[in-house]
Each structure stands twice: as C-alpha cells, then as structure tokens.
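Enquirer: As a plain string of letters, each chain reads:
Protein chains: 4
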Amino acid sequence: MPPTESAPRPLRSDAQRNRARILAAAEEIFAARGPSASTEDIARRADVAIGTVFRHFPTKAALVEAVFAGRLRAITEQAAALAGAPDPGEAFFAFFAEAVRQSTVKHTFVDAIDDADPAMVAVWAVVATAGADLRDAMDTLLVRAQRSGAVRPDITVGDVVALMIGTARALEQAGPDPATQDRLRSVVADGLRRH
Amino acid sequence: MPPTESAPRPLRSDAQRNRARILAAAEEIFAARGPSASTEDIARRADVAIGTVFRHFPTKAALVEAVFAGRLRAITEQAAALAGAPDPGEAFFAFFAEAVRQSTVKHTFVDAIDDADPAMVAVWAVVATAGADLRDAMDTLLVRAQRSGAVRPDITVGDVVALMIGTARALEQAGPDPATQDRLRSVVADGLRRH
Amino acid sequence: MPPTESAPRPLRSDAQRNRARILAAAEEIFAARGPSASTEDIARRADVAIGTVFRHFPTKAALVEAVFAGRLRAITEQAAALAGAPDPGEAFFAFFAEAVRQSTVKHTFVDAIDDADPAMVAVWAVVATAGADLRDAMDTLLVRAQRSGAVRPDITVGDVVALMIGTARALEQAGPDPATQDRLRSVVADGLRRH
Amino acid sequence: MPPTESAPRPLRSDAQRNRARILAAAEEIFAARGPSASTEDIARRADVAIGTVFRHFPTKAALVEAVFAGRLRAITEQAAALAGAPDPGEAFFAFFAEAVRQSTVKHTFVDAIDDADPAMVAVWAVVATAGADLRDAMDTLLVRAQRSGAVRPDITVGDVVALMIGTARALEQAGPDPATQDRLRSVVADGLRRH
DNA sequence: TATGAATGAGCCTTCATTCAT
DNA sequence: TATGAATGAAGGCTCATTCAT
Numbered sequence: 736m737p738p739t740e741s742a743p744r745p746l747r748s749d750a751q752r753n754r755a756r757i758l759a760a761a762e763e764i765f766a767a768r769g770p771s772a773s774t775e776d777i778a779r780r781a782d783v784a785i786g787t788v789f790r791h792f793p794t795k796a797a798l799v800e801a802v803f804a805g806r807l808r809a810i811t812e813q814a815a816a817l818a819g820a821p822d823p824g825e826a827f828f829a830f831f832a833e834a835v836r837q838s839t840v841k842h843t844f845v846d847a848i849d850d851a852d853p854a855m856v857a858v859w860a861v862v863a864t865a866g867a868d869l870r871d872a873m874d875t876l877l878v879r880a881q882r883s884g885a886v887r888p889d890i891t892v893g894d895v896v897a898l899m900i901g902t903a904r905a906l907e908q909a910g911p912d913p914a915t916q917d918r919l920r921s922v923v924a925d926g927l928r929r930h
Numbered sequence: 736m737p738p739t740e741s742a743p744r745p746l747r748s749d750a751q752r753n754r755a756r757i758l759a760a761a762e763e764i765f766a767a768r769g770p771s772a773s774t775e776d777i778a779r780r781a782d783v784a785i786g787t788v789f790r791h792f793p794t795k796a797a798l799v800e801a802v803f804a805g806r807l808r809a810i811t812e813q814a815a816a817l818a819g820a821p822d823p824g825e826a827f828f829a830f831f832a833e834a835v836r837q838s839t840v841k842h843t844f845v846d847a848i849d850d851a852d853p854a855m856v857a858v859w860a861v862v863a864t865a866g867a868d869l870r871d872a873m874d875t876l877l878v879r880a881q882r883s884g885a886v887r888p889d890i891t892v893g894d895v896v897a898l899m900i901g902t903a904r905a906l907e908q909a910g911p912d913p914a915t916q917d918r919l920r921s922v923v924a925d926g927l928r929r930h
Numbered sequence: 736m737p738p739t740e741s742a743p744r745p746l747r748s749d750a751q752r753n754r755a756r757i758l759a760a761a762e763e764i765f766a767a768r769g770p771s772a773s774t775e776d777i778a779r780r781a782d783v784a785i786g787t788v789f790r791h792f793p794t795k796a797a798l799v800e801a802v803f804a805g806r807l808r809a810i811t812e813q814a815a816a817l818a819g820a821p822d823p824g825e826a827f828f829a830f831f832a833e834a835v836r837q838s839t840v841k842h843t844f845v846d847a848i849d850d851a852d853p854a855m856v857a858v859w860a861v862v863a864t865a866g867a868d869l870r871d872a873m874d875t876l877l878v879r880a881q882r883s884g885a886v887r888p889d890i891t892v893g894d895v896v897a898l899m900i901g902t903a904r905a906l907e908q909a910g911p912d913p914a915t916q917d918r919l920r921s922v923v924a925d926g927l928r929r930h
Numbered sequence: 736m737p738p739t740e741s742a743p744r745p746l747r748s749d750a751q752r753n754r755a756r757i758l759a760a761a762e763e764i765f766a767a768r769g770p771s772a773s774t775e776d777i778a779r780r781a782d783v784a785i786g787t788v789f790r791h792f793p794t795k796a797a798l799v800e801a802v803f804a805g806r807l808r809a810i811t812e813q814a815a816a817l818a819g820a821p822d823p824g825e826a827f828f829a830f831f832a833e834a835v836r837q838s839t840v841k842h843t844f845v846d847a848i849d850d851a852d853p854a855m856v857a858v859w860a861v862v863a864t865a866g867a868d869l870r871d872a873m874d875t876l877l878v879r880a881q882r883s884g885a886v887r888p889d890i891t892v893g894d895v896v897a898l899m900i901g902t903a904r905a906l907e908q909a910g911p912d913p914a915t916q917d918r919l920r921s922v923v924a925d926g927l928r929r930h
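Keeping their order, the protein sequence lines are chains H, C, W and E. Quick note: to get my numbering, add 735 to the position in the first sequence (first position is 1). Quick note: to get my numbering, add 735 to the position in the second sequence (first position is 1). Quick note: to get my numbering, add 735 to the position in the third sequence (first position is 1). Quick note: to get my numbering, add 735 to the position in the fourth sequence (first position is 1).
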C-alpha cells in the first residue's frame, strides 16, 4: 500500500464489472429520462446496492460527468480517425452525421447540466477538458474542409458544435423515421456548404 | 348568477389577474432556470401564495403546459399575421427567424413533459390543439414558399418544427453573441432554400 | 405582503403551537440523547411531519442553535435578575448554582457542536451573540463579587463559564443524588472563593 | 499447537502489531474528532483495511471501549505509582492534575457509549473491571490524603472521578492557554482541600 | 377565493457491518 | 488472516400537493 494514492491500483475484477454495469445503466437511464433520474434507479438497473454506486462515483455529478465525458471521448476518437481521410469535405460531413447520430438521445447531456447547481461546476471542469480534445480534433477536420472549399469559410468550431447539438435535438424531435432524419441532416449539411 | 352552467364560469377579475401573474412569473422563471424550478419560486415571483398557484393549475405539469401552450399560441399568431405577406419566401424566413428567437430559452418546455405520467394526458390534449393550429398556420406559410420556389419542395411542416426547435437549441448552446446567432440561423435557413 | 421580508409577520396560531412543540421535543430529545439525535425522532415526538420541522428550522443546525440559544437566554435572565441583589457574593454563588443546575443534562450542547462540521459554523455565530449577552450579565455579577472580596480576584468570566460547564458535566457524571450534587457544587464554589 | 484451548490463543505477531496500530490510530482520531469519527478513517490512519479493524474489534463500540479501557489502565498505573509517595497530599493532587491533563480530549469517551445498546453489555463488563481497578488505586490515594488532612474528609472516590471528568471538560472549554488551565485546575484543587 | 402551514414521499449521501477474494 | 468491495439502513433536506384557517 503506497503512502500516496497517486496511482490508484487497478480495480478488482468484480469491482471493474460493477463499475462497467453502473456506467451502462447510467447511460441508458440518463439517455431515456435525463440526468435527473435518480441514482437509486440506476443502482436498481445495474443490479447493485445504492452504496456501490457511490463507492465508484462519489457524487451524482461525478457519475453524470463520467457518462458525459465517455461520450465525448468516443466522438473525439471518431474525429481523429477521420483526420487523414483523402477527401476533406467528405470526412467532415461524415463526422458531422455520425456525431449527430450518436447524440440523438431523448435528453442531451448538456441539457442536463444545471448551471445553477453548484455541484455541477466540477462537472463542467472535466467536461471542458474532454471537450477541448474534441474541439482540437474537430478543428483539424473543419479547417481542412474549409481549405478544400467544401465548407463555408466563416464557420467556427463553436458553430459546428452548436449545430451538432441543435441538429441532434431536431432529430430527436422529429422521431425515428430514417428518411426524415436524413432530410433534416441534409438541410443543415447543405447550409454548411459553400454556396 | 352564472350565464350557463355548462361552460366554466368566467373568473372573477382578481382571479383573472392572479392567473395572468402566475403565468407571467412561470414564463420568466422557467425560461431562466428551466422547468425544474420550484413552484414556490413561481408563487413568490407572482406575489401569490402557493395555494393560489395550485388553485389555478391543479398540477405543476398543468402549469408548464399552460406556459407552453401560450407560447404556441403566440407563435401561431405571428404565422397568421404573415400569411398574406406579398413575398412568400420572405414571409416564411421571417417567421422562421422570429420563432427561433422566441424559443431561445434555456430549457425547452417539451423536455419537461413526462409522457409516461397519466396526469399529463389532459395536458397533451390542450397542447395538441394549440399545436395543430400552429401547424395549420405554418403549413400555409410553407406551401406558399415552396410554390414560389424559395424553399426545398421535399420539406414538411414537421421538418420545419423540428428544425426550429433544433436551431433554438443551437443558438442557446452558442451563447448570446448576435453575429454568431445570425450565422447559425443563416446556415439552417440556407439549407432550407432550394439550391 | 411587503416587498421586503424584513419583518417576518407573526406566525399563525397553529404554526406557533407547532414551533413550540418542536422546540420542546428537541429540548427533551437533545437533552436525553445529545444533538446527534435524528430530526425524524424530534418530529415524531412533536407529533408533526418531518417537513414541518424543516419549515420552522431550515437546517438541523438551526434547530440545535435555537434550543441552545433559548437556554442561554434563560440563564442570562437569571443573571440579570440577580444583578441588583444586596449581597454580591451571595448573588454570584446563587447564580452559579442555578446555572449549573439548569445545564445538567445528559449531553451539554457545547459537546454537541462539532467544529469540524462546516454547517455548525453558523450555529456558533448565533450562539456567540446570545453568549455575549450572557457574558455581560455574568461580568456584572462577577466583578461585584470580586470587589466585595467574595471571589478570587484573578478569575475571569471565561473561567466561570468553563467551570459552570465543567461542573455541570461532573454532576451529570455523579448521578442524581442531591447530597452528592451539593457536595460537588460546594467544592467548586469553595475553590472560587478568596481563601 | 496452542497451549490450551480454553484461553483465547495468543495472536500471531503481525496480528498483534495490527491490533496495536488500530488502537493507536483510534486513540488519535477519537481524541481529535470525537468518537463519531468514521471507522474507515481509523483504518486509513492505521494503514490497514477496514475489514481488519472489524476482525479485531467486532463492533465500533468495542473499539471505543478498548480505547477507553486502555486509558483507564494508564491512569490506574499512575495512581499506583504514586501510592507510596512520601507526601500523601502532594501525591493526590499530582495524580489529579495528571489525570485531568490526560483526559483533556475533545470528546470524552463516556459520551460515546450508548447504554441502551445490548451489544454494549460485554463492553461495559470490561470497562467496569478497569474502572474498579482505577477506583481502588484512587481510593488508596484519597484516603491517605484525607488522613493526612490535605483533603476534605467528606469527599468520596466517586466525587473525585466526577470532578476529574468535569475539570477536564472545563479545560477543554477554556482552550489551550496554560495559565488559564492552571488557574482552573487550581480552583477545583483548592475546593478539594480542607479549608 | 386566497393563504401558507403541514404533509410525506423521494432524493443524495454516509457509514457500520458483512463477505467473497 | 487481511483485503476492500458490496450492502442497506438511516439521515438531512426538498418540494409537489393538501387542507385548515
């Protein structure tokens, strides 16, 4: 047992499994009912006692943050994977479509984070870090696409983020019909192109 | 001596005033802090007792719905006002911009309404009515704009509603800078145009 | 309803009764089991719902503080009542005996206040105010008694407070036998006299 | 091959070491933060796992008791060491001062022990034994001091115990200033002398 | 009708205790 | 024996809703 806890030892296998189950349960339940869903419900879905949830995530905010950051990281990886694609425009729009698809849940997490709640301030810190990585990856994609003439030159990364979230919201509103979802996505994508 | 027993008798004038104050307070507070703001806070802002709020709106959900329906009616009126404008395309896009502007609140109301709650059935009825009126008014605007060639012909009213909500969400995400808001709105509007 | 809540209107009679019942219940239960007793138990003893306790005392600390401050005020009144007594020494020792008697409960409140708990910081503020009044009243008593030669001149008010609390603790420890309690009290009183 | 099955077999040396570490940690932490400090914290300070604490002390109360009994034993030894001192009065007051000094901790342990809890019956047995030894040792000191005329003849051992605890409480209340602590101790000591 | 005190289910969190590893 | 993850009963507090005044 080292004097300082600097390197938290790897979790025991059963603990790892529980941690994963809790994250999965939280992802599902937050997606379905928003992050105001109760921790108790998440514990029930993960089939663990409430204390176990709090052992892994000392705070409800920490749990929300973990789920949210996980999602950001996944999207970031996809942006990175497309960074070297041959056609910059195609890469950008492929990323946009995929990111929107993955954000389409009943409640986007951003909605969930109530700035008024001081407990959520810490959440934003972590999210900001993960978000910065994502922004960097997106910036690469965006700049290349703009240089190639595929995207309006006045658009910023912040614009793209906002439009991704907004488009996800629109799809959520419109319902699951694939044709409709394609149509809506194409509207925003067209708007982003140089005209 | 009420005029007829069948219809809900008109409220006494002070009751009417209270109802209006409560709605106004709810609008402000829901817009600022989302629909999870407490009913107490709304009562306080309206300067009435909590019991009065529940006398006018038997349920918190009913209050949320009333605010939402009110907003729908306001937007409907604007659509109606633009129905006879000389330039159909201009009318449509003016409506779109205005509607988005008015929907830009921190938390959209739709998020607040829990479909699973049986107490919300009656609520949805009212909203549905208001929503149908809005759809009709929007349909007029949309069809004229499409006939004039200003808007993509494959777009439906549902698409426009979804995009309005999504765009409002994007603006909320992007923050208050007017130039940014214009840029984002123009992206979606451009995407809606025939290209 | 005044715009500013500066003067909280007098409570409705039933609310007053409940407030008094809660305070009485808290006094009993804190005295018997210490201030770590649960708010729920106090509510039960007062025969009100838990929410009612929190309506009257927004925090558990506020409840502890109210009980504690009430006790301080009672003792302060007694000190004030004895301030003009003809024999200063007699007055001082009568006060000391009475104050000790009233503090003899299984758990003194001071024990209760956990400095480590940040929620208790506010408690100390109020207590300090009530305590300052008490100190003033005690100071009068003490100085007169010292001038009359009845009490050791090097004793301070702080000493008297500490000895009161300590003596109460000793009596609590010794049990309820009156002769024993008198003996213990007389030991400390004798020690305070000029010898 | 244990010596006899009837007596609890001696602990393995590492277990002995752990037991001692836990007791030391508990002593420190209970002294600093009172007996409501969490068992986890004690385990952490002792650098053992929580399960180890519960293997050695089946209950938190048992741990509190062990610390308490240890303290009683330490004080008993001091009383015994002074039993044959040449000046009986000096010996008694030296013991009193030292015992008070050692009891000056933020929370007295007696407070922590809940008499109502049936799990505490066994605990009290041990404490009672240690307490009886202490009383015997103190009795020797006290009777000698009374015979020599240094202490009031009506005082009992129970009185002395109560006053020790009460004085410790007074010192705790008064704060750490040495002059103040001396003054308070001298007040009680003077009160105990024959006058 | 309006008032606002009372109710109590539910939420997040802590911690003594148990038990699989 | 030691470990530390899991358990689950409380505890403090909030807030939608009810009801006596």
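Treat each hint with caution, since some may be false.
One copy or any two copies: either way a pair holds, since identical chains are not told apart in the list.
With a straight-line cut-off of 20 Å between C-alpha atoms, the simulated SDA-like cross-links for lysine to any residue are [said to hold, decoys possible]:
{"id": "1", "residue 1": "Lys-795", "residue 2": "Ser-771"}
{"id": "2", "residue 1": "Lys-795", "residue 2": "Ala-784"}
{"id": "3", "residue 1": "Lys-795", "residue 2": "Ala-766"}
{"id": "4", "residue 1": "Lys-795", "residue 2": "Gln-908"}
{"id": "5", "residue 1": "Lys-795", "residue 2": "Thr-891"}
{"id": "6", "residue 1": "Lys-795", "residue 2": "Pro-888"}
{"id": "7", "residue 1": "Lys-795", "residue 2": "Gly-769"}
{"id": "8", "residue 1": "Lys-795", "residue 2": "Asp-894"}
It is worth saying that the hints were derived from the structure and are not from the lab.
Enquirer: Between the shortest in-copy and the shortest cross-copy C-alpha distance, which are at most 20 Å for Lys-795 and Ala-766: within, between, both, or neither?
Expert: Answer is within: at 15 Å inside a copy they meet the 20 Å cutoff, but 23 Å across does not.
Enquirer: Could you place Lys-795 and Ser-771 in one of the four classes (within, between, both, neither) given a Cα distance threshold of 20 Å?
Expert: both (10 Å within a copy, 17 Å between copies)
Enquirer: Classify it for me, Lys-795 with Pro-888: is the Cα-Cα distance of at most 20 Å met within a copy, between copies, both or neither?
Expert: neither (41 Å within a copy, 47 Å between copies)
Enquirer: Classify it for me, Lys-795 with Gly-769: is the Cα-Cα distance of at most 20 Å met within a copy, between copies, both or neither?
Expert: both (13 Å within a copy, 18 Å between copies)
Enquirer: Within a copy, between copies, both or neither: which one fits Lys-795 and Gln-908 at a CA-CA cutoff of 20 Å?
Expert: For Lys-795 and Gln-908, the Cα distance exceeds 20 Å both inside one copy (27 Å) and across copies (23 Å).
Enquirer: Using 20 Å as the alpha-carbon threshold, which applies to Lys-795 and Thr-891: within, between, both, or neither?
Expert: Neither: 33 Å inside a copy, 40 Å across copies.
Enquirer: First find the shortest C-alpha distance between Lys-795 and Asp-894 inside one copy, then the shortest across copies, and answer within, between, both or neither for a cut-off of 20 Å.
Expert: neither (30 Å within a copy, 35 Å between copies)
Enquirer: Treating 20 Å as the Cα threshold, decide for Lys-795 and Ala-784: within, between, both or neither.
Expert: within (15 Å within a copy, 23 Å between copies)
Hint compliance for this structure: hints 4, 5, 6, 8 are not met, and every other hint is.
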